[in-house]
Amino acid sequence: MHILAFLIRRAAQAMVVMFVISIIGFSIQDNLGDPLRELVGQSVSEAEREALRDELGLNDPFLVQYARFLGNAVQGDLGTSYFFKRPAIEVILDKFPATFELVLGAVFIFVSVSIPAGIYCAIHRDSWLSRIIMTGSIVGISIPVFLTAIFMVWLFGVELGWLPAFGRGDTVTLPWGWDTGFLTWDGISHLILPSITLSSIMLPLFIRLIRAEMLEAMGTDYVRFARAKGLSTWRVRYVHAFRNTLLPVVTVGGLMIGTLIAYTILTETVFQWPGMGFLFLEAVNRVDTPLIIAYIIVVGLIFVVVNTIVDFIYTLINPMVKLPGAKG
Amino acid sequence: MAMLEVQDLHVAFPRGKRDEVEALRGVNLQLEKGERLGVVGESGAGKSMLAFAILNLIAAPGRVSQGRVMFHGQDLLKLSDRKIRGIRGNRISMIFQDPMVTLNPVLTIGTQMIETLKAHRRISDRDARKLCIERLKQVAIPSAESRMDAYPHELSGGLRQRVVIAIALLTDPELIIADEPTTALDVTIQAEIMSLILKLCRENDVALILITHDLGVVAEVTERIMIMYAGLCVEEGPTKQIITAPRHPYTSGLLKALPQNAGRGQRLYQIPGSMPPITALPRGCAYHPRCEFADNGCRTRIPPLQGGVACFNPLKGASS
Amino acid sequence: MISFSAFVKRFFSDPVAIGAGVVLLVLVLMAVLAPLIAPQNPYDPLQLDIMDSEMPPSWKPGGDDRFLLGTDAQGRGVLSTIMYGTGISLLIGVGAVIVQAVLGITLGLIAGYKGGWIDSFLMRLADIQLSLSTLMMAIIALALFQAAFDANTYADYAIIMLIMVIGIAEWPKFARTVRSSVLGEKKKEYVDAARVIGLPARRIMWGHILPNTLTPVLVISTIQVAEAIMIEASLSFLGLGMPTDRPSLGSLIRSGFEFIFSGSWWITLYPALVLIALVLSLNLLGDWLRDVLNPKLRRGED
Chain A
1 MHILAFLIRR AAQAMVVMFV ISIIGFSIQD NLGDPLRELV GQSVSEAERE ALRDELGLND
61 PFLVQYARFL GNAVQGDLGT SYFFKRPAIE VILDKFPATF ELVLGAVFIF VSVSIPAGIY
121 CAIHRDSWLS RIIMTGSIVG ISIPVFLTAI FMVWLFGVEL GWLPAFGRGD TVTLPWGWDT
181 GFLTWDGISH LILPSITLSS IMLPLFIRLI RAEMLEAMGT DYVRFARAKG LSTWRVRYVH
241 AFRNTLLPVV TVGGLMIGTL IAYTILTETV FQWPGMGFLF LEAVNRVDTP LIIAYIIVVG
301 LIFVVVNTIV DFIYTLINPM VKLPGAKG
Chain B
1 MAMLEVQDLH VAFPRGKRDE VEALRGVNLQ LEKGERLGVV GESGAGKSML AFAILNLIAA
61 PGRVSQGRVM FHGQDLLKLS DRKIRGIRGN RISMIFQDPM VTLNPVLTIG TQMIETLKAH
121 RRISDRDARK LCIERLKQVA IPSAESRMDA YPHELSGGLR QRVVIAIALL TDPELIIADE
181 PTTALDVTIQ AEIMSLILKL CRENDVALIL ITHDLGVVAE VTERIMIMYA GLCVEEGPTK
241 QIITAPRHPY TSGLLKALPQ NAGRGQRLYQ IPGSMPPITA LPRGCAYHPR CEFADNGCRT
301 RIPPLQGGVA CFNPLKGASS
Chain C
1 MISFSAFVKR FFSDPVAIGA GVVLLVLVLM AVLAPLIAPQ NPYDPLQLDI MDSEMPPSWK
61 PGGDDRFLLG TDAQGRGVLS TIMYGTGISL LIGVGAVIVQ AVLGITLGLI AGYKGGWIDS
121 FLMRLADIQL SLSTLMMAII ALALFQAAFD ANTYADYAII MLIMVIGIAE WPKFARTVRS
181 SVLGEKKKEY VDAARVIGLP ARRIMWGHIL PNTLTPVLVI STIQVAEAIM IEASLSFLGL
241 GMPTDRPSLG SLIRSGFEFI FSGSWWITLY PALVLIALVL SLNLLGDWLR DVLNPKLRRG
301 ED
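Residue numbers (full-length UniProt numbering), protein chains in the order written: chain A, 1 to 328; chain B, 1 to 320; chain C, 1 to 302.
Hints in this document: simulated from the structure, not taken from any laboratory. Heads up, a few of these hints could be off.
Reference excerpt, derived from the structure (chain C facing chain A, CB under 7 Å, subset only) [unchecked claim]:
| hint | residue |
| --- | --- |
| 1 | 133 |
| 2 | 141 |
| 3 | 230 |
| 4 | 260 |
| 5 | 262 |
| 6 | 263 |
| 7 | 279 |
| 8 | 283 |
Pairs of lysine to aspartate or glutamate, EDC-like flavour, derived with a Cα cap of 20 Å [claimed, not checked]:
| hint | chain 1 | residue 1 | chain 2 | residue 2 |
| --- | --- | --- | --- | --- |
| 9 | B | 17 | A | 126 |
| 10 | B | 17 | C | 14 |
| 11 | B | 17 | C | 258 |
| 12 | B | 199 | B | 32 |
| 13 | B | 83 | B | 154 |
Treat the numbers as computed from the prediction; the structure is a model and nothing was measured. For glycine and all other residues, C-beta sits at the position ideal for the given N, C-alpha and C.
Could you build the full structure based on these sequences and the hints that come with them?
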């Protein structure tokens, strides 16, 4: 498949998903939001309200209203937050860097822990450390992420007092308006507990997955052949066996994106991390409809974009799907 | 002194917590420089186990429990990891059964060839590439240069086995162990690959251990034959002698079962019963339940290999 | 498959299985018998006394013998709320899995038996739904419910809503399993035989294929109950699940969370331990069942 064909197909899929999300967003607005509530007080008479409705186009046919919603959405206008009195999309995007850096921290931790741990458990499958890791991973799967979070807050934040457990700490605003916590020690120390928590849900799963895939790869004929060729143990393990575990790991990683986003909401709630998930829950409590819609649409967009990237990585590392166009 | 001498080789696998079962029960083998030996038996007889044990490649939880593999006078089983790696793929190469799964699907042919060279020689990337292309040409792979950058899935089964053969030849080994090298291929290609292996062994004076279940194939390629049954060698000798005048009833059965030995319109012969699994071997000679000549001695004692045959009631061979 | 007596024998020779089984049995009994054995009825406002609030466990200074594990901010005994809360968590978990199983088995049978575009459509839908993640869909669905209805209406329907949302979101797991067993079974002779003697498609599916797919269904059901309980707890913790006056384990932890820092750790700790014990015992039993009933599912893992 040609790279252009791949991009076009992905774009088409992305449009379908975004279309469905926009329908959901619009129906929410249609059924939940009453713009009049915000624009006028209780004192306005029914006739005046009706006139205003006409003026705002609220009595137009469904399709006309949806087209208007879509037109606005494409221009980045998703309505004005009732609470913040600012464009909803702006409010959401302000919080994006916080969530993004939290996810980045979590991904960094779980990649740098699960790969060595999974490989270790596959190679030394009967050692006592492997047994501890494998037992720990089933216990880990059974602990809900908010309990991990509470435990972290209690132990490191309250009892030991080693690390800050709330908020984001000092941030630095980069030239293009991105608030980053990576550049100050305070910012990084605030990131540690939330990212460990967020990574803790992926960790057991990926350790088990990598171990299983690695064990399977170690038993294949091509690994035996690599050994029979006299290659070093390192090369057999990492170039031959591990390379082949990457494919399923990337696939499962792609499937976990939705879960990861969902768990940012839980993590951000416990650590009062000022990200999009925390904002979303506040919006739900305040029935801030435009903000709820904006969150769903932004998250949908992130989901689509990340999935495309994962698919792209998959085609890069899997020679089987790199059909003509390149070499053949 | 023979180039390769396998002495009393045992391979064991754990059964349950403490028990072990033996897949090889004491195999002896000798091979001179440039000599071609066929190892024949049904699947499960321990042929592949023998091949892997020679290079100390038995995968855990299996292990070589006893015996020696002397190669030019040094015991391969006692070598350090580093030293045995210097022999594997260098002085002794292997060709595996199924080329569809022998090559790593995510690495190019070139990578898999060059890494072999680099594991054993100090050689520049450019020279290595040149040598690899040369070997690919030797095994008659068309447009060898471009194949270097291809992935295994882009090649047919026959071409992949040629690549595997090219890899086995890369380092000018003294011995190639080929484990059923044609079984997984299309019938039309089998003969081609077999004659390629034979030709290359002859030209380069490489010794060959050809493992197969097909007596017909070894008859054409090898100088000596070893017949294996249930982890033991039951008969051994020059190819011609074994083909024309087998002495072990099992060898004779195998020969009778060959299609070319059946008369026109005749039914194909089949040895009654099947080989017992290594976990449930009968007492005495493992072949006795299927043997028409078995007597009480066969049922209680294991016949030792004497004069090339392990049988208490051998058939009358031509030479004896 | 193994015989029932062999199954029982293996269960009693595996200490992990026995341990998980005993813990689960105790928790289920505790939940079912809660109205009979709980020291208080936490739903009865007349039994509550705000003077009893935030009491530590009875063996701590300031504790009260009436409240073994202490009380929460509203003066409810933690032990009693846990007993009732476990019941609600189990009810939602089991209920959601029944919905999942009914939906998933039906759609999986249809997809596997009919094949063609129905199969591709259903499986594509399953893929998308799985990648969107159950928790994400549940959070959005419940957030919308909560925004759409007033608090009282929401509280009345919370249990049903949770069961339906978690049930609908997780059907693909059953559907995939059933579909792949159907595809395996379809090749076997008895299905052909049934078709040859003219049994209608539906009879073949329900009467012949279904019994043969029960083993994998049983295995995933156990793990799915654990999963559903976890999702429910997460939703309740976010305030999107059970209201605090009819708390599940998740809502108990939510209401206790803010008191951890004032030192009232018991309001959070005990429900949290029960939740972990419940989920862990179900997961361990599920793993054990999978090993015993269908070793093939473990291919590559051991």
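Here is how each hint holds up against the structure:
1. 133: holds, 3 Å
2. 141: Residue 141 of chain C check fails; min Cβ-Cβ to chain A is 10 Å, beyond 7 Å.
3. 230: Residue 230 of chain C check passes; min Cβ-Cβ to chain A is 5 Å, inside 7 Å.
4. 260: holds, 6 Å
5. 262: Hint violated; residue 262 of chain C Cβ to chain A Cβ min 11 Å, cut 7 Å.
6. 263: violated, 10 Å
7. 279: holds, 4 Å
8. 283: holds, 5 Å
9. B:17 with A:126: Holds, because 14 Å separates the two Cα atoms, which is no more than 20 Å.
10. B:17 with C:14: holds, 16 Å
11. B:17 with C:258: Outside the cut-off at roughly 52 Å; violated.
12. B:199 with B:32: holds, 18 Å
13. B:83 with B:154: With Cα atoms ~35 Å apart, residue 83 of chain B and residue 154 of chain B exceed 20 Å; violated.
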